[in-house]
Amino acid sequence: MSHVILHVDMDSYFASVEQQACPSLRGRPIGVTGRPTERSIVVAASREAKRHRVGTGMPVWEALKACPQLILVPGNPERYLSVTQRFVEILKEYTALLEIYSVDEAFLDVTQEAPKYGGAIAVGEEIRRRFREELGECITATVGIAAGKSFAKLIGARNKPDGIGRLDDEEMPELLESTPVGDVCGIGRRIEDRLHRAGIRTLKELGDASEAFLKREFGVYGLHLHEIGQGRDSTPLVPYMEVPPPKSVGHSKSLPPDLRDFRLALIVLRDLCDQVARRMRRLGYMGRTVHCGFRVGSIGPHYGKQTTLALPSDDGEAFYEACHVVLEKIPVKPERVSNIGVSVGNLVATDRTPHSLLETDRRRDRLNRAVDRIRDRYGDRSIRLGTSLLVRPIPQHVGGFFMASDDLEIG
Amino acid sequence: MLTAVNEPIDALVIYRRGAPHPLLHAFRWKDRRYDVTSTHLVHREREGETIYLVYSVNCSGDTYVVRHNVGNGRWTLEALEAID
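Chains A and B, in that order, are what the protein sequence lines are.
The letter at position 104 of the first sequence is residue 104 when you use our numbering, and the numbering goes up by one with no holes.
Quick note, our numbering runs 411 ahead of the 1-based positions in the second sequence.
In short, the hints are calculated from the structure, not lab data.
This one's a predicted model, so the numbers in the text were calculated from it and none came from an experiment.
Don't take every hint at face value.
Pairs of lysine to any residue, SDA-like flavour, derived with a Cα cap of 25 Å [stated by the list, open to error]:
{"no.": "1", "chain 1": "A", "residue 1": "K92", "chain 2": "B", "residue 2": "L434"}
{"no.": "2", "chain 1": "A", "residue 1": "K92", "chain 2": "B", "residue 2": "I462"}
{"no.": "3", "chain 1": "A", "residue 1": "K92", "chain 2": "B", "residue 2": "T474"}
{"no.": "4", "chain 1": "A", "residue 1": "K116", "chain 2": "A", "residue 2": "L237"}
{"no.": "5", "chain 1": "A", "residue 1": "K92", "chain 2": "B", "residue 2": "H432"}
The following block holds chain B by itself, in its conformation from the complex (with noise of 0.2 Å):
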């Protein structure tokens, strides 16, 4: 089960040419650095105007999701699971 965290993070991406979206790299968050070593899924979510991506990511086993609002280029973990 995921639990909500809802609090803003630096990200750090890259843009490679022909990718459908940005890739998520790494994130700060609290202080410290996490490094993504998998993506699992990114989807599309609009709200009016406003575009977000959503990620769903691994970083050293443990599932993260994370929101990018497009149009004012924040970042936002979401919400996590820890491995038990």
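So here's chain A without its partners, still in its complex pose (with noise of 0.2 Å):
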């Protein structure tokens, strides 16, 4: 028997919740977006302004050369996650199996319980009709139904937005026959390439193509994109409980113009270190390889090198002084960078790594649970690092709607 999977797409999702808080919103063209200057990026665009052919992660200039209309809106990462939550909630009544693929994407797996609603379509309307009551009739969602998830995900593509469309499996020759490579999930425009280079441009090239060249081309993911080819898709759900451990925790910052003096972002990248180290400590892991990259103008090359700590650490300091160490490795040394950022791998569970005897570590890691506890009680902001405040104010957002008076200075 084989599988109905389903893939939830929230469409033009920041800009619906957005759409749906501020009803002035709606009908009208506005983009999501990190600050609302010239400088910033559209992080999601609503439908309207997707018929001026703004998209997601245009320049904000850009999108306002094509659409002078466009009504900009400051993001508001809390208000995603609080309707995500809800909208996983929902999904959670239908089945077990269910991954939570992003903030705004989902698949379920209702292979066992379809018949019981009626089959796949009758789940898939009604987990739409239940997001427009209970979320807002402008978050609207798109169901894709297919076999397996690349399928499915494919499918629902197809049908945006506040569609819903199934893949039967005689509609599948054509299907294959018809699309080309670049339209799956987890071909990017890399592989793409390549596969362009070797005469494959649809599907049904890629199926047709030998084992042996794709494996020999891509590793053991060659075997993954023959099956694709082929029609069928093994691609195993993660179900949210059983969600891997970590194998790295990191962040990173796209600088605005008045903080990509090196120094500047330096003082932005203690910051990066603090909030990983916490995020780790939060998560109970400890790390040992670092991380540290920038990039160079807008769209410039990225540097990056890593190095390996002696110990396993979860300290904000010792991550920094880590970053010291790949920076002076990284031969390019720019006076201006517009993004910077650290990662942490190579992780341990913190309770399966020895306590340090020395007393300055010690001491130290009391320091850093003592100031989690703050944070815990009274918020991210309630103590932060002094160097952090060279850099002011933080941006303040009223139920998420810009004010015109905020913005990031130097201090």
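The two chains are supplied separately, each in an independent frame; assemble them into the complex guided by the hints.
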């Protein structure tokens, strides 16, 4: 018996949530941004904005050129996460085999449950109806139904927005013949280019290619590609209660023009190290491998290297010192950078790591845990590193709506 | 565009069985009662241990953003957007 997989994808998610919260934005082209300045990017565009060819990731200046009447709305991550929690609660009522794929996407395996509702289409329709009733009329979802995750996502994308589509077995040959390889989730531009160079442009051609060739070109992933080309996808769902442990913990930040001076970027990096360390302590992990990198120019090259600590750590200061070691290794010494980031890998569970016997380490650990307790109680901004105050003020949102006086400045 | 207010209000709410949050029915601000005609969105925010419920509601065509501190029970009119 083949599986029945539903792919639920929220339509223009962040923009729809903003339109739901603020009716004056409905029916108007809006772009959700990090900060509503010309140098920011559009994180999500409303359907009305998409009609003017405003797309995700487009710089604000370009979006305004494409759609001069575009309304810029600063993003409110807590609001989106809150709505996500509610739609996930709804989805949990239909099956335990639920994979939360991203903040606005989920896969459900309803092979067992679908007959009870009158079929997979009926399940999809009911989910969409409940979203409208319980989340709001603007927050819609598209549902794709197929026997595998990749095809459910593909068929959903073809029925956007606010639609539902099912791929039946007899439609598969035509779909394989007519679908460019780049349309499938997991085949990005680089893999697509390599497939094109090998003369493979459609899924059917991918399925007809020799398995040995694909394995030689793409390793084990080549076998998955071959399977997709033959209309099969056995990628298992990862149920939300079985999320695998993290492989690394990292943060990066795109810097506003005022902070692109390398000296100021290091202040941001210190804060990022602190955030990474706090997340690791919260997750109960320590790490040894510290990777640090930066980007020069808006679309310029990215430089990064890594170093390994003598012992696992969950201390922001240790990570920052390691970052300096890494930055020394990078031959490029730019005066200005547009993005900077740090990630820590090679993780081990804290309770499986021996405690340091050095008093300085133990004091540092006590300090970190005391700071964590303060932040747990009063919020992440209640206690901060003195250096981070050189960059002020912290952007304030009122209910997620931008107030003209808010901005990020150099202190 | 929303205009910031940030003033305390009295709220009349209904705790309905099975609802994910209390329903804001009406509120009193500056000696005037505002009846909620519809709720656009309610979302949860967190600052440390303090949990807030943020209501975006419609009262006679205007949009009001009301914040409820779940810990101390206080209600605040955070912002409003009046019809032009």
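Going through the hints against the structure:
1. Taking the CA atoms of A/K92 and B/L434, the gap is about 23 Å. The hint holds against a cut of 25 Å.
2. Only pairs whose Cα atoms come within 25 Å are accepted, and A/K92 paired with B/I462 is accepted, the gap being roughly 24 Å.
3. Only pairs whose Cα atoms come within 25 Å are accepted, and A/K92 paired with B/T474 is rejected, the gap being roughly 32 Å.
4. The straight-line distance between the Cα atoms of A/K116 and A/L237 is roughly 21 Å, inside the 25 Å bound, and the hint therefore holds.
5. Annotation: proposed proximity of A/K92 to B/H432 holds, straight-line Cα distance about 18 Å (limit 25 Å).
Against the hints set out earlier in the document, a violation occurs for number 3 only.
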